[in-house]
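Position chain B with the ligands against the provided structure of chain A, taking the given hints into account.
For the protein sequence lines, the chains are A and B, in the order given. First residue of the first sequence: 20, per our numbering; consecutive thereafter. First residue of the second sequence: 196, per our numbering; consecutive thereafter.
In case anyone wonders, no lab produced these hints; they're calculated from the structure. Glycine is no exception: its CB is placed at the ideal position from the N, C-alpha and C atoms. One thing to keep in mind: the hints can contain errors.
[Stated by the list, open to error] Under 10 Å between C-beta atoms, here's a sample of chain B residues computed to sit facing chain A: (1) D214; (2) R224; (3) K233; (4) L280; (5) H281; (6) Q285.
One-letter residues, chain by chain:
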Amino acid sequence: MTTTVQGLDRRTFLKLVGGGIVVMVSVGPSALLGQERRRGYPEDLNAYLRIDEKGHVTIFSGKIEMGQGVMTSQAQMAAEELGVGLDSVTMVLGDTDQCPWDSGTYGSLTTRVFGPALRAAAAEGRAVLMQLASKKLGVPKENLLVENGVVSVAGDPSKKVTYGELAQGKQIARLVDEKALLRSVKEFKLMGASPKRLDGVDKVTGRAKYAGDIRLPGMQYARIVRPPAHGATMKSVDVSAAKEMSGVTVVQQDDLVAVLAGDPETAAAALGKVKAEWTKPSLDVDNDGIFAYLLEHAPAADVRLNRGDLAAARSSASRVFESTYNTAYLAHAPMEPHTAIAELKDGKMTVWAGTQTPFPTRDGIARAVGLDPKNVRVITPYVGGGFGGKSSSRQAVEAARLAKAAGVPVQVAWTRPEEFFYDTFNPASVIKVASAVDANGVITMWDYDVYYAGERGTGIFYEIPNAMIRTHSSWGGGSGAPTAHPFAVGPWRAPGANMNVFAAESQIDIMAAALGIDPLEFRLRNTKDPRMRSVLQAAADAYGWKAAAAPSGKGRAIACGIDAGTYVALIADVKVDRATGNVKVDRVVCAQDMGIVVNPDGARMQMEGCITMGLGYPLAEELRFKGGDVLDRNFGTYHLPKFSMLPKIETVLVKNDELLPQGGGEPAIVPMGAVIANAVFDATGARLYRLPMTPARVLEGIRKAEKKT
Amino acid sequence: MKKTIQFRLNGRPTKLTTDDDRRLLWVLRTDLDMTGTKHGCGAGLCGSCTVVVDGKAVRSCQTPLKNVDGKEVLTIEGLEQNGKLHPLQQAFADHGALQCGFCTPGMIMNAYALLQQQPQASRDAIAEGMERNLCRCGAHQRIVAAIEEASHAKGGRS
Ligand code: FES
Ligand code: FES
Numbered sequence: 020m021t022t023t024v025q026g027l028d029r030r031t032f033l034k035l036v037g038g039g040i041v042v043m044v045s046v047g048p049s050a051l052l053g054q055e056r057r058r059g060y061p062e063d064l065n066a067y068l069r070i071d072e073k074g075h076v077t078i079f080s081g082k083i084e085m086g087q088g089v090m091t092s093q094a095q096m097a098a099e100e101l102g103v104g105l106d107s108v109t110m111v112l113g114d115t116d117q118c119p120w121d122s123g124t125y126g127s128l129t130t131r132v133f134g135p136a137l138r139a140a141a142a143e144g145r146a147v148l149m150q151l152a153s154k155k156l157g158v159p160k161e162n163l164l165v166e167n168g169v170v171s172v173a174g175d176p177s178k179k180v181t182y183g184e185l186a187q188g189k190q191i192a193r194l195v196d197e198k199a200l201l202r203s204v205k206e207f208k209l210m211g212a213s214p215k216r217l218d219g220v221d222k223v224t225g226r227a228k229y230a231g232d233i234r235l236p237g238m239q240y241a242r243i244v245r246p247p248a249h250g251a252t253m254k255s256v257d258v259s260a261a262k263e264m265s266g267v268t269v270v271q272q273d274d275l276v277a278v279l280a281g282d283p284e285t286a287a288a289a290l291g292k293v294k295a296e297w298t299k300p301s302l303d304v305d306n307d308g309i310f311a312y313l314l315e316h317a318p319a320a321d322v323r324l325n326r327g328d329l330a331a332a333r334s335s336a337s338r339v340f341e342s343t344y345n346t347a348y349l350a351h352a353p354m355e356p357h358t359a360i361a362e363l364k365d366g367k368m369t370v371w372a373g374t375q376t377p378f379p380t381r382d383g384i385a386r387a388v389g390l391d392p393k394n395v396r397v398i399t400p401y402v403g404g405g406f407g408g409k410s411s412s413r414q415a416v417e418a419a420r421l422a423k424a425a426g427v428p429v430q431v432a433w434t435r436p437e438e439f440f441y442d443t444f445n446p447a448s449v450i451k452v453a454s455a456v457d458a459n460g461v462i463t464m465w466d467y468d469v470y471y472a473g474e475r476g477t478g479i480f481y482e483i484p485n486a487m488i489r490t491h492s493s494w495g496g497g498s499g500a501p502t503a504h505p506f507a508v509g510p511w512r513a514p515g516a517n518m519n520v521f522a523a524e525s526q527i528d529i530m531a532a533a534l535g536i537d538p539l540e541f542r543l544r545n546t547k548d549p550r551m552r553s554v555l556q557a558a559a560d561a562y563g564w565k566a567a568a569a570p571s572g573k574g575r576a577i578a579c580g581i582d583a584g585t586y587v588a589l590i591a592d593v594k595v596d597r598a599t600g601n602v603k604v605d606r607v608v609c610a611q612d613m614g615i616v617v618n619p620d621g622a623r624m625q626m627e628g629c630i631t632m633g634l635g636y637p638l639a640e641e642l643r644f645k646g647g648d649v650l651d652r653n654f655g656t657y658h659l660p661k662f663s664m665l666p667k668i669e670t671v672l673v674k675n676d677e678l679l680p681q682g683g684g685e686p687a688i689v690p691m692g693a694v695i696a697n698a699v700f701d702a703t704g705a706r707l708y709r710l711p712m713t714p715a716r717v718l719e720g721i722r723k724a725e726k727k728t
Numbered sequence: 196m197k198k199t200i201q202f203r204l205n206g207r208p209t210k211l212t213t214d215d216d217r218r219l220l221w222v223l224r225t226d227l228d229m230t231g232t233k234h235g236c237g238a239g240l241c242g243s244c245t246v247v248v249d250g251k252a253v254r255s256c257q258t259p260l261k262n263v264d265g266k267e268v269l270t271i272e273g274l275e276q277n278g279k280l281h282p283l284q285q286a287f288a289d290h291g292a293l294q295c296g297f298c299t300p301g302m303i304m305n306a307y308a309l310l311q312q313q314p315q316a317s318r319d320a321i322a323e324g325m326e327r328n329l330c331r332c333g334a335h336q337r338i339v340a341a342i343e344e345a346s347h348a349k350g351g352r353s
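Here chain A stands alone, though its shape is the one from the complex (with noise of 0.2 Å):
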């Protein structure tokens, strides 16, 4: 088998790895896939080690660190396997020369799917490293142990060689996949500990690079004329104002006019004087139209589930429950913007970009600018937070033509507006849930179409005999109707999952409320889920929950979810202002069972930024818009969580060392919308069904409710 990276055959790419010892990983193609975009890729290596003759181990992987903890999750499980100290071990992130294809990091894949496949590459590399001492000691394998990446003889610690003089003069590689063998938890020591992040040091003292924070002689800083609203095309453009300033530069290249300069502030000024005409074409919706404007222009069906007989459990249920519930745009607003630094030198292109997707912005970029893809470089310094919007990385497509058509280095850093026009938004999505219940609250029907959201999170855990699924569209566009969106939409932390679990944990309180059964015992006596059992049991435990029937006054409840093969449970505590509409979230506990946990701290710190995001979108976070102009451009309007809404985390990981590791930088965001939404209507007897739940609509909620009672 030739095994190609980069477009090297294996025995060119050991030849410039240098000497030691190498392990290279295949997952098969299959363990990546799930998702359809990532169809089609060549079967590749996913990463490599290599230990050196000062046994230094270095791990090249084409995943990124974002801010969830990668680099050092990703050195631990290595570091593990192999038996030497976490500060043995470097990293090597998503450097497209560097390390192997990788389609991305996203999905909560990186330690779930790539973990396991890292885990046996370093296994391997022990097992080479022990048969190298056994010979050169004189002893057999089994009388070895290893501490710190020295090897010595149980019972006689005086014979002992280290990985480096094993490794030295060596060229030795190995292949592996994922099915290696793999040290149990009880053998555990760095796994499962909670080392401190190996990026802390570098971000606290701001030496931490970012793509923005590269310098290059001769750097020029862009600014790109861009279109008013979405969808407008360009009458005219005057850039000869723009053109008489000193230092600088316009590049006209058909959709693209930009100005450079030598510093970011000439540059705006510059872009200030350039005058462009636009056609805008009109569109007649805006972000309270818009759900009937999807409803009307949404695609047939997917059905992805459908058992039992619906229409038999519709006319024999005493009671049916029917809802539509109704989620907002959301920006991703990663603190930074879309940055990308881009130069040609000598035919080859080299771009450090912010971005979540090395690979495939090598390959946009090389279609961009002409160049075969071995000719370009993508290098990945620390990503200042992505949440799926920089899975998509137009800034760096844009670096690199400039860089090529001025024939200088070109910085394009994206503005914040930039970033709330170009970002790649959450749809906005509809819901509608029909469900029925018997009188001994057994649900007995779940008839469920999802508009836009697609169908991550709608995978049902509680036991009910007849139930439909069906999907319009998902939250990539995805088949038919990917332009009823006014502006690109795309994946966002959890895609999909925090809409539908917000519909679906709505509409089981609203049932259990219908009956008066606490909505703790309503969804145990309808799950037999064993994991689900035990997270909603660990958080009601944490909290110290009592029984008692919504609403109950007190402003707490209950929401669990699934997601990247993570249990969570989560249970709130809200103070809701009856005169202004305003909810406080006070407390949340989360329960969670994510199998080994490698990195525990590191897990609860997952969670907590779950939690603490997941208070926007169902309180504050709505992107307005009027067709194609997004009004909402700045922070000003566009209301991320801030430390006043901080409510007290409580965090509990459910053991199940059963399991391989699973997601974790997703999962408890997924039930924040619904959990917020249980408790306010715990705390008031309003029922809200449109995310975020602002204080205007909090308020008329409660007047509906008032009415009815």
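What follows is chain B with the ligands alone, placed relative to chain A:
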């Protein structure tokens, strides 16, 4: 207007001749190659660009260079002393009070000024003082804990 501006930057005398209306953020990042201070919004709304001028936290994206003439400017690069992290930096690293880290320099500089003014700041006072600094990763709970630890209230030395 082109002018010669002098100030102390992280304890060192600094002099440059440039348009004194330019924003401190871009002068730091572009002319002085100090990239620890970040651009997040350019509109005074996120705090990523926070630096300390004469003991007060300011948003460098909103600060014309002329405002710092003759003043003492402290940035994230100036906190470490003789290779030793400042107690706030140490506390942020210890508590994992960061994820992507992009908001971190601004958070630390804002906290630095906050603790200068209220060395005994309570948890609530810390949260209030940090309110206008945004963190999209949701590191808030740990940021508050880190600042509390570094404060005098907990025997820290900030
Ligand atoms: S960049 Fe200055 S406040 Fe956001
Ligand atoms: S750590 Fe990412 S924005 Fe705060």
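Each hint, compared with the structure:
no.	hint	in the structure
1	D214	holds, 8 Å
2	R224	holds, 8 Å
3	K233	holds, 7 Å
4	L280	holds, 7 Å
5	H281	holds, 9 Å
6	Q285	holds, 8 Å
The structure is consistent with each of the numbered hints, conforming to all of them.
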